[in-house]
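S.K.: Next come the chains, spelled out residue by residue.
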Amino acid sequence: MLNKTLLILLSVAALSACETPGVKPNTDDVNGIDGTGTTETNGIDTIGVEGGSEFGGGTSTFVLSECEPDCEYPASALSNPDSMLAKRLVFFGLNSDEITDEFSNTLIAHGKYLASNPGVKLRLEGHTDERGTREYNLALSERRAQAVRRFLMLYGARSESVSVYGFGEELPLALGSNDTAWSENRRAELVYDSNN
Amino acid sequence: MKNLINTVLLLTLIASSFNAQAVLNVRVTKSANDAQPIAIVPFGWSVEGEAAPADISSIVSADLERSGQFKALANADMLTKPISGQKINFANWRSVNVDHLVVGNLRKVAAEMYAIDVQLFDVLSGKQLLGHSYPVHKKALRKTAHHISDVIYEKLTGVRGAFNTRIAYVSVNRSKTGQKIKASYSLQVADADGYNPRTVVKSSWPLLSPSWSPDGVYLAYVSFRNRQAEVYTVNLKTGAEQKLAAFKGINGAPVFSPDGNKLAFTSSKSGNPDIYVMDLRSRKQTQITRGYAIETEPAWSADGRDILFTSSRTGGPQIYSVSASGGKAKRVTFDGRYNASVAVAPNNQHLAMVHGAAGKYRIAVLDRESALLRVLSDGSQDESPSFAPNGRMILYATQAMGKGVLAAVSVDGRTKQQLLLTDGDIREPAWSPFNKQR
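In order, the protein sequences belong to chains A and B. For the first sequence, the residue numbers in the working numbering are 1 to 196. For the second sequence, the residue numbers in the working numbering are 1 to 438.
In isolation and in its complexed conformation, chain A is listed as follows (with noise of 0.2 Å):
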């Protein structure tokens, strides 16, 4: 199953690899509560993965335009303005911390540089939009930031680099209930340690 999902991934890593991603709010996610059960289905399917070194061979399948499959990136690229890692943030869906495939170019890359530079260190902070309960939400936000620590694992960032921290609803990026609001707020921000 592991495997199989993997896959999937990696096989649209490839397909998208010439379009430049762009960090959206994913605002086709399920309204209303009635989505839970699937996404949640989904987010389990990634039990256990700690990891990257037993999917090594597979990160050759694919082709990043601006990093080719062995390159190093170098510390600078984190202050260009123009690369996929100046993405910062990954939306996610109502009750779910499924990474979605449009944002898996953009972890991708933060994943190759942080293998490129093992001293970096990243902080990733989950959020939840308004609805539903203030603890199961800071809860849901830590498993967030925790699914993009895995992806990014994947790619041979070191689990000693990044570090997890779950913020709720607590923060929120857009004030307002609406679905515009909510889908912005359903996030996991990747926040570089300014000391890098």
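Among the hints, a few may not be true.
[Said to hold, decoys possible] So the derived label-pair ranges between C-beta atoms look like this: (1) B:ARG283 <-> A:ASP101: 29 to 35 Å; (2) B:ARG283 <-> A:SER194: 32 to 38 Å; (3) B:ALA371 <-> A:ARG158: 30 to 36 Å; (4) A:SER159 <-> B:SER184: 34 to 40 Å.
Hint data in this document are derived by calculation from the structure and do not stem from the laboratory. As the structure is a computational prediction, the values presented were derived from the model and not from experiment. By construction, the Cβ of each residue, glycine as well, lies at the ideal position given by its N, Cα and C atoms.
Could you slot chain B onto chain A? The hints should help.
M.R.: Just chain B now, with coordinates in the frame of chain A:
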């Protein structure tokens, strides 16, 4: 549902000196039509040239009306206004159809010291049901008025009153400078009617999940002051804070055990959120739940033997119950796909929770014996249910006019009210235990 009248009763009251700007509105949005008619006559006061230091009868009327079980006669409809039992013409009161009558007198006995005399009568028989005289310091006048409400409520309903209690909640004030929104959070404690609000903890980072110790001295709560969710307690008498759980990951949802010796909370220190129980003396922790699912929002059963909690083990959040020493959990909720944030009534029979359906999150009560779930609130993002210590009302957070407010609903759903504190966004209410002195 049909036999209910919707009444909107707006009592605008000015809050005390603790927070001169806080204006409190209590709006009874729904009351039962079989509420007992009662007359509470304005209390006597006879110090020349000095205003009465408190309006005892208004406080008592507002309390009793808030329960939804009483309907107080308007002062304008009173034919006479006796201040003691000797001068009552019961025929007058029978003619305005009240069942019970409260009369009283406020006296000054020394500087800052007063006495409140109060009597309760059955109007039909003319029999006195209660008669008390309370010596009171000026500062305790409101508190004593709430105590009088408790005594009357218990005499007439057989259930202990919960008016002389407190509530804790989080108030948020947002200010915008340019594009940046700055929020300031304060954990506050007020009387159960919203009066005398006082800030206990202030922070520029979010505060949440206040929970009372059974002796009413401590609040446990969650603070992000160190950029991650950590569990603290604050002593309400001294203001002293203690950090109890700050493990790697999230630390949240603290709740004291009914005996006050333990604290259940959530921690993701093992990699994903699980319930732990901490012995407050030794600080030793026991892990209660395991597995990949989100497990959070613990609540103790009334006898302290079990812990109810939210788990995502079957997909969406549902309520489960497990022995407080750990073991196999049993699923408790089966209605719908979102049930979370459970609160247990003192009778252990009623469970209040947030129930999500069709995009709306509302307060529902599950009767464990009949397994019937009843949705009691009608907002779209109602949260944080908390039982009154007598189990009759549920306090919760809702939205009104674009901001967070507190509301209360009776467990049978027959009466509902909103507490509107005008400054800030109010959320995360927790009703205190009973006051120790009866």
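S.K.: Does 34 to 40 Å hold as the CB distance between A:SER159 and B:SER184, or does it fail?
M.R.: holds, 36 Å
S.K.: Taking 30 to 36 Å as the hint, is the beta-carbon distance of B:ALA371 and A:ARG158 inside that range?
M.R.: violated, 50 Å
S.K.: Holds or violated: 29 to 35 Å for the Cβ distance of B:ARG283 and A:ASP101?
M.R.: violated, 46 Å
S.K.: Do B:ARG283 and A:SER194 keep their Cβ atoms within the hinted range of 32 to 38 Å?
M.R.: Taking Cβ atoms as reference, B:ARG283 and A:SER194 lie about 35 Å apart, which means the hint holds.
Checked against the numbered hints listed earlier, the structure breaks hints 1, 3; every other hint is satisfied.
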